[in-house]
Amino acid sequence: MNGIIIGQFIPGDGFFYKVDPRSKIAGIFFLMIAVFLLKDIYQVLGALLLTFGLLIIGKISFIKVLKGLKPIFILLIFTFVFQILINRQGNILVDTNLNISLINIGLVIILFVIWRFLAKFKKFNFLLFLGFLFGSIFIFIYSSFSFDYNLTSFNLQIYEKGIEMSIFVVIRLLIIITLSTILTLTTKPTDLTQGLESLLSPLKKIGFNSEDFALIISISLRYIPTIFDEANKIMQAQASRGADFSEGKLKEKLKQVISLLIPMFIIAFMRSEELADAMESRNFVPGKARTRIHELNYSYRDVLVTAFTVVFFAVALLFRLNVLGY
Amino acid sequence: MGIRFNEVSHKYSSFSDGNLSAIYQVSLKIKAKDEFIALVGHTGSGKTTLAKHMNALIFPTEGNVEIFNKIITKKRNRDIKYNEIRKKVGLVFQFPEYQLFEETVLKDIMFGPLNFHISKEEARNLAINALKLVGLDESYSNRNPYNLSGGEKKRVSIAGILAMDPDILVLDEPTSGLDPAGKRVLMELFKDIHKRTNKTIIIITHDMDLVYEYFSRAVVMNEGELVYDGSPESLFKEHDLSKNHLDYPNTIKVLTHLNKTLKLNLNVYQKTAIDALKEIEKAGIL
Ligand SMILES: Nc1ncnc2c1ncn2[C@@H]1O[C@H](COP(=O)(O)OP(=O)(O)O)[C@@H](O)[C@H]1O
Ligand SMILES: [Mg+2]
Chain A
28 MNGIIIGQFI PGDGFFYKVD PRSKIAGIFF LMIAVFLLKD IYQVLGALLL
78 TFGLLIIGKI SFIKVLKGLK PIFILLIFTF VFQILINRQG NILVDTNLNI
128 SLINIGLVII LFVIWRFLAK FKKFNFLLFL GFLFGSIFIF IYSSFSFDYN
178 LTSFNLQIYE KGIEMSIFVV IRLLIIITLS TILTLTTKPT DLTQGLESLL
228 SPLKKIGFNS EDFALIISIS LRYIPTIFDE ANKIMQAQAS RGADFSEGKL
278 KEKLKQVISL LIPMFIIAFM RSEELADAME SRNFVPGKAR TRIHELNYSY
328 RDVLVTAFTV VFFAVALLFR LNVLGY
Chain B
320 MGIRFNEVSH KYSSFSDGNL SAIYQVSLKI KAKDEFIALV GHTGSGKTTL
370 AKHMNALIFP TEGNVEIFNK IITKKRNRDI KYNEIRKKVG LVFQFPEYQL
420 FEETVLKDIM FGPLNFHISK EEARNLAINA LKLVGLDESY SNRNPYNLSG
470 GEKKRVSIAG ILAMDPDILV LDEPTSGLDP AGKRVLMELF KDIHKRTNKT
520 IIIITHDMDL VYEYFSRAVV MNEGELVYDG SPESLFKEHD LSKNHLDYPN
570 TIKVLTHLNK TLKLNLNVYQ KTAIDALKEI EKAGIL
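Protein sequences appear in the order of chains A and B. Heads up, the first sequence is in my numbering, so the first residue is 28 and it goes up one at a time. Heads up, the second sequence is in my numbering, so the first residue is 320 and it goes up one at a time.
Some clues are possibly wrong.
To be verified - Quick list of the computed label-pair ranges, beta carbon to beta carbon: (1) B:Gly363 x A:Ser308: 19 to 29 Å; (2) A:Asp304 x B:Ser458: 26 to 36 Å; (3) A:Ile251 x B:Tyr465: 18 to 28 Å; (4) B:Glu403 x A:Thr318: 57 to 67 Å; (5) A:Ser308 x B:Ala351: 42 to 52 Å; (6) B:Lys389 x A:Leu277: 23 to 33 Å; (7) A:Ser299 x B:Lys389: 38 to 48 Å; (8) B:Gly454 x A:Leu288: 23 to 33 Å.
These aren't lab readings, by the way, just hints derived from the structure by calculation. The beta-carbon is built from N, C-alpha and C at its ideal position, and this holds for glycine as well.
Construct the complete structure from the given sequences, taking the supplied hints into account.
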């Protein structure tokens, strides 16, 4: 719980570190829209290659991007499977029956246990997972015993278009994640909020105060580690009184969670009141114009980023409108 | 043997450069009964870190701590019930805000005993006793702990630990933030609990006046190392405290000053203000 890093910012000195956060945010925003304008698998493949090109230019290691993918891994798999099963266009590629029977279910459960057991020892268990997945499909397709009791059978049909679409959707997600990782990896949270504030400042005309918004975000970011620290202290104080967060019945657990939450809230309120007082005593007046220690500055890099974005967006739009085509 | 530190070091994991230890190779023995120990040292010298080892809230990164014959090392040991250690060694944290959470004082004090599976009725009795022990009468039992004064909150948090009836009591800066009179009242209370129950009590404090007046043993921490373990008398007589960023008790400071400015020959080692006054009267300068 100690030394938590907020956001994914990792100090470095690649190309994108020196790009102004405003052009980065705007660029990424329009690139994402552009990716959604693309229509077929060749176009998104091209876009994917370009995105990887950006990684190389920015000297960002591919491993870090993969780590960013981890939390949405399940979503990716789900999307993939869903697309394959739903889409029924084009030539049919696979057409078999899955026999869901007692023995088959038993076999799959055994396979599952073996998978979980092996996963304990192996760090990189994605291959094991694939093994489990294909193993169970194999069982459902091919194993059938005469004395087995068949519960139901499921007709599995996979179409050409289904595979194409699922790859298309997954690549599109991959691009989006990579783009946003480039942004968060190379931009300090403070720069990110300052950039956002600057970009949103025209909204003042319709009553949205971007300065307040940026202030709220930066204060929240600043206080996340503090809150973790406090939570740790509260946990230790209650552990001193015998609260054992790992064991106990549900009812006791509930009580122990409450014993953490209430001091947490009280301390958060105390802290925020102190902060408000401290800011006021240093003459902070909401809404007044302020100067900054670090001014944002555009450079030739921003021109490059903006040019790239404009070209990419334009090409995507032309594809969409069938002006460009093959 | 109550608690025994064997060359214990602790590094917090967030220390970015590897060589900063919050405490470094500390060895220390604390008896299970009859001790009344002051743990002193400047801010950041590692007192709180040391105290958290005493009930196994944190583990040493090097060395080991023996607590009532259970040996605590770097690794969590499945055979050790850490909760039992926390029942035997009660640790009161510096800020009561970190632990008060129930809507009434009595319920809050009962939280500890209930965690150790004591029946509700018995826990209630323990809580009422503990409340009395810290000098709050029964009118407090139904009050909201958050509406109490700083000193009262502190007492309630101490009662929360006392109700668990620990063998050893460790208090992290219980007198900080209180007025001088309040400090003395609280110290008298600890002394009283110590006399009545013979429990070992370890108190972290900055206040050298209290150390000199109340304690029989002082343990001094400096920059994470244990630099002195002995009587307060010899600490103030024979050791240069400025090295350890500590101050002398006011009695010694005032009498030394008088000796210097008025060229007197007073015995500066007086524990209380009253004794110091008597010494001055003896010299016949009033
Ligand atoms: N949770 C923590 N994470 C990182 N460093 C800590 C933590 N708690 C204390 N420290 C550091 O350890 C050292 C000793 O702290 P502490 O034991 O609290 O000292 P004391 O109680 O004597 O003031 C200090 O330098 C402090 O900054
Ligand atoms: Mg401390």
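- [ ] May I ask which of the numbered hints given earlier this structure violates, with the numbers listed in increasing order?
- [x] No hint contradicted; all consistent.
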